[in-house]
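Number of protein chains: 4
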Amino acid sequence: MSSPNANARLEMFSDGVFAIAITILILEMKLPPVESIHSNADIWNYLIKLWPSFFALTLTFMIILISWMGHHNILAGLDKTSPQFQIANGFFLFTVIFLPFPTALMAEYLDSPFAQPAVFLYCLSGTFHNIGWNALHKYIAVPVPLTKSSTNLELLKRVRRGSQFGFFVSISIAIIAWWFPYIAIVLSFLIWLFWLYLTVDVKDVEAH
Amino acid sequence: MSSPNANARLEMFSDGVFAIAITILILEMKLPPVESIHSNADIWNYLIKLWPSFFALTLTFMIILISWMGHHNILAGLDKTSPQFQIANGFFLFTVIFLPFPTALMAEYLDSPFAQPAVFLYCLSGTFHNIGWNALHKYIAVPVPLTKSSTNLELLKRVRRGSQFGFFVSISIAIIAWWFPYIAIVLSFLIWLFWLYLTVDVKDVEAH
Amino acid sequence: MSSPNANARLEMFSDGVFAIAITILILEMKLPPVESIHSNADIWNYLIKLWPSFFALTLTFMIILISWMGHHNILAGLDKTSPQFQIANGFFLFTVIFLPFPTALMAEYLDSPFAQPAVFLYCLSGTFHNIGWNALHKYIAVPVPLTKSSTNLELLKRVRRGSQFGFFVSISIAIIAWWFPYIAIVLSFLIWLFWLYLTVDVKDVEAH
Amino acid sequence: MSSPNANARLEMFSDGVFAIAITILILEMKLPPVESIHSNADIWNYLIKLWPSFFALTLTFMIILISWMGHHNILAGLDKTSPQFQIANGFFLFTVIFLPFPTALMAEYLDSPFAQPAVFLYCLSGTFHNIGWNALHKYIAVPVPLTKSSTNLELLKRVRRGSQFGFFVSISIAIIAWWFPYIAIVLSFLIWLFWLYLTVDVKDVEAH
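Residue numbers (the working numbering), protein chains in the order written: chain A, 1 to 208; chain B, 209 to 416; chain C, 417 to 624; chain D, 625 to 832.
One chain only, chain A, in its complex shape (with noise of 0.2 Å):
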């Protein structure tokens, strides 16, 4: 099968799944119960200590955003697709399903003193994400190479080889989240706004 929209379906798929991951995050910002509600300032108060629940939003938003644009970008640069590519991209929307249960996780946790393990989770699921677009690189290249004839292929293996890196630095960040969480979740917010530059960057996959 090669044809510009080859992978047509699958963009409308993923796009469908990247639009309703992004927006139930806010699912997960709850109301404050109503009998512990006896003033103006209670709300207040309750609002004030929901900044995780914002900041964990904040993040994760950005995150899929930034992983929507990626995914955007090199699927400009392909006319062709394969089984293999099309699993390797279920693969990957599993891992963007999967983020709003660690966002959740450590939206309750961050300002407590259990906020280790919902860190942790929360780092290594930014692992596992990375591992998701690691596998399309690979399927982009194997057993056929999906690229159009006009593809940048110096960019596109710049991109990959970025992912491949990206790795360490997850894993890394994990690692670091085990003793430090705070640092870690630091870390991963500048680490996201470094890859939000990258993308920006490499908007030229696809030819003119």
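There could be a bad hint or two in this list.
In the DSSO-like style, the derived pairs of lysine-lysine whose C-alpha atoms are separated by at most 30 Å in a straight line are [said to hold, decoys possible]:
1) K238(B) / K654(D)
2) K573(C) / K30(A)
3) K365(B) / K496(C)
4) K496(C) / K704(D)
5) K772(D) / K148(A)
6) K148(A) / K288(B)
7) K356(B) / K564(C)
8) K654(D) / K465(C)
9) K673(D) / K30(A)
10) K356(B) / K496(C)
11) K80(A) / K673(D)
12) K148(A) / K356(B)
13) K238(B) / K30(A)
14) K446(C) / K238(B)
15) K288(B) / K80(A)
16) K704(D) / K573(C)
17) K49(A) / K257(B)
18) K49(A) / K654(D)
19) K446(C) / K257(B)
20) K257(B) / K465(C)
21) K564(C) / K496(C)
22) K446(C) / K704(D)
23) K564(C) / K772(D)
24) K288(B) / K496(C)
25) K673(D) / K465(C)
26) K30(A) / K257(B)
27) K465(C) / K238(B)
28) K238(B) / K257(B)
29) K238(B) / K49(A)
30) K148(A) / K138(A)
31) K288(B) / K346(B)
32) K654(D) / K446(C)
33) K654(D) / K30(A)
34) K704(D) / K564(C)
35) K49(A) / K673(D)
36) K30(A) / K49(A)
37) K157(A) / K288(B)
38) K772(D) / K80(A)
39) K704(D) / K80(A)
Derived by calculation from the structure, the hints in this document are not laboratory data. Keep in mind the model is a prediction, meaning the values are calculated, not measured.
Dock chains B, C and D against chain A, hints included.
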């Protein structure tokens, strides 16, 4: 990248986010707890006391719908994309997916003595969403203009000015909400009806 | 604006809303509370008592599916759009996303002594959805006709009359529900089966 | 109606339903109740005991993904539609959106003395989904064949036979589940891996 559908996947993704955000609003309408229902009249009373939920649902549905129509109109006038615009669109979508939370909070507390924080946060979220709009408008124009050669720039500029003006309006309503939450929420409703009228009026950003 | 896909993004957005509304119905099927389960038989009993949930899920699924098919058919006959039509479509979608709430309420109370308010509200929501249909039909014709030159206007008029007739049918069912909720819900089910037959029958609004 | 995209909107709607059903599976992974957590070890224990949820999530994700791939393959071989096919597709989607409920039930009770009803219902839902597949296949052929002239009919027939055979397989697994739930669930997992292999193998329904 310049093609009639440079933003095709961005539109698809954004439409997905809009569609999900607008539909999950209904998940906030909660059933009466079974143990509190001892007669038909109990259910009727519960349903009547649900009016703030219905009001909040209607207002936020209207806001997201108008926002989607506006997004639709603006993108119809573009034939180019840029990384900056994609990130601005991501931020804009963040302000959309956030809306169900203040909506649910307002639904819960509008008809209680503690309406003030809920309404204030709701109005502030409107301002937050307005900032998303202004970011979108900015990155249509810089660093490179993304508009079609046939786009009615005069009209687009008028829409942009409307968004900038909207910032001051929504900030003012938020300030009013601090002291007079009920007046603010009525004003907010009226402003959005007016905004609906404006959106309809600028249907012609796309050239014929 | 007159082009084969003047309503392309409106279709995409509407499809998204339909797809989400129809899928989140399953979220209303609740698990048995763990503390109430002491044997396999307890789970079986719980599942058997879940029949109103399954019935409500099936009926509302059928309603949303038929509604989507009808929407699909009507839009296939249009090649123009108007702000009025877009707003009417928004209102129509509002009547769709509202359906999960009365569905959940009916699921909870159908098999209880308090079925009457739940069934009445469910039937009334059917009337509300019918009003959405009639609004769609109206703004296809005014202020400007949006139909393709090749559209079978005679057939479209027949569908519109069906919707107008449907208003009286659904109002009648709601009135019956006030005194005889179980008769009303059986009637409602039969009417929708008949409507499914009609929808299939008017597959030819789009010209060949 | 005969055009390359006679089923374009049906595909879009189905993709939406698939994407939502596969993504909301994660909503069933519940957080540990705050009041039950007194140490990091409590969270770790909770996460370890969550393995049935993770297993159920993975299996149902795989089922829905394979189902989507199969749907994709079949529709790529069609260029016509019929009301009967649209209704069959609606029924098929009903069997998809139902899956999150037995998945959540199995996740809750797989690691309990009451696994039998949960696993039995899960396997039965697989049979239900298989019936949806067979309905789809039937209405591709009758009342009018919807296939492209270029479609590999031999291959399509092989896929249809696979679905018919699958009915007996899934019924058998359900029967086994009545007495040996754990054997049945392992068999189910293996069958789906094999089905994944078959789906990949029939990638060529669409002609080149």
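Status of each hint after checking the structure:
1. Our distance criterion of 30 Å between C-alpha atoms is met by K238(B) and K654(D), whose separation comes to about 19 Å.
2. The suggested pairing of K573(C) with K30(A) is violated, with an alpha-carbon distance near 48 Å, which exceeds 30 Å.
3. For the hint pairing K365(B) with K496(C), the CA-to-CA distance comes to about 26 Å; that is within 30 Å, so the pair holds.
4. Simply put, K496(C) and K704(D) have alpha-carbon atoms about 25 Å apart, close enough for the 30 Å limit, and the pair holds.
5. A distance of roughly 27 Å separates the Cα atoms of K772(D) and K148(A); the hinted pair therefore holds under the 30 Å criterion.
6. For the hint pairing K148(A) with K288(B), the CA-to-CA distance comes to about 21 Å; that is within 30 Å, so the pair holds.
7. A hinted pair counts as satisfied when its Cα atoms are at most 30 Å apart, and K356(B) with K564(C) qualifies at roughly 27 Å.
8. For the given pair, K654(D) sits about 24 Å from K465(C) by alpha-carbon distance, which is consistent with the 30 Å threshold.
9. Annotation: proposed proximity of K673(D) to K30(A) holds, straight-line Cα distance about 24 Å (limit 30 Å).
10. Under the criterion of a C-alpha separation no larger than 30 Å, the hint pairing K356(B) with K496(C) is consistent with the structure, at around 21 Å.
11. Taking the CA atoms of K80(A) and K673(D), the gap is near 42 Å; set against the 30 Å cutoff, the hint is violated.
12. Taking the CA atoms of K148(A) and K356(B), the gap is near 27 Å; set against the 30 Å cutoff, the hint holds.
13. Between K238(B) and K30(A) the CA atoms are separated by roughly 13 Å; this keeps the pair inside 30 Å, and the hint holds.
14. About 13 Å separates the Cα atoms of K446(C) and K238(B), which keeps this hinted pair within 30 Å; it holds.
15. Our distance criterion of 30 Å between C-alpha atoms is met by K288(B) and K80(A), whose separation comes to about 25 Å.
16. Simply put, K704(D) and K573(C) have alpha-carbon atoms about 26 Å apart, close enough for the 30 Å limit, and the pair holds.
17. Taken as a hint, the K49(A) and K257(B) pair is honoured in the structure, with Cα atoms around 29 Å apart against an allowance of 30 Å.
18. With a CA separation close to 21 Å, the supplied pair K49(A) and K654(D) stays within the 30 Å bound.
19. About 24 Å separates the Cα atoms of K446(C) and K257(B), which keeps this hinted pair within 30 Å; it holds.
20. Between K257(B) and K465(C), the direct Cα distance comes to roughly 29 Å. Compliance with the 30 Å bound is thereby established for this hinted pair.
21. The suggested pairing of K564(C) with K496(C) holds, with an alpha-carbon distance near 8 Å, which does not exceed 30 Å.
22. Pair hint K446(C) plus K704(D) does not hold up; C-alpha atoms about 39 Å apart against a cutoff of 30 Å.
23. Taking the CA atoms of K564(C) and K772(D), the gap is about 27 Å. The hint holds against a cut of 30 Å.
24. Our distance criterion of 30 Å between C-alpha atoms is met by K288(B) and K496(C), whose separation comes to about 25 Å.
25. Taken as a hint, the K673(D) and K465(C) pair is honoured in the structure, with Cα atoms around 29 Å apart against an allowance of 30 Å.
26. A hinted pair counts as satisfied when its Cα atoms are at most 30 Å apart, and K30(A) with K257(B) qualifies at roughly 21 Å.
27. Annotation: proposed proximity of K465(C) to K238(B) holds, straight-line Cα distance about 21 Å (limit 30 Å).
28. At roughly 12 Å between alpha-carbon atoms, K238(B) and K257(B) fall within 30 Å of each other, so this suggested pair holds.
29. Restraint check for K238(B) and K49(A): the C-alpha separation of about 24 Å stays at or below 30 Å, so the hint holds.
30. Taking the CA atoms of K148(A) and K138(A), the gap is near 16 Å; set against the 30 Å cutoff, the hint holds.
31. Between K288(B) and K346(B), the direct Cα distance comes to roughly 14 Å. Compliance with the 30 Å bound is thereby established for this hinted pair.
32. Among the hinted pairs, K654(D) with K446(C) is consistent with the structure: their alpha-carbon atoms are about 13 Å apart, no more than 30 Å.
33. The suggested pairing of K654(D) with K30(A) holds, with an alpha-carbon distance near 13 Å, which does not exceed 30 Å.
34. A distance of roughly 21 Å separates the Cα atoms of K704(D) and K564(C); the hinted pair therefore holds under the 30 Å criterion.
35. Proximity of K49(A) to K673(D) is assessed by CA-CA distance (about 29 Å); at most 30 Å being required, the pair is judged to hold.
36. For the hint linking K30(A) to K49(A), the alpha-carbon distance of about 12 Å falls within 30 Å, and the restraint holds.
37. The straight-line distance between the Cα atoms of K157(A) and K288(B) is roughly 26 Å, inside the 30 Å bound, and the hint therefore holds.
38. The straight-line distance between the Cα atoms of K772(D) and K80(A) is roughly 21 Å, inside the 30 Å bound, and the hint therefore holds.
39. Between the alpha carbons of K704(D) and K80(A) the distance comes to roughly 25 Å, so the proposed pair stays at or under 30 Å and holds.
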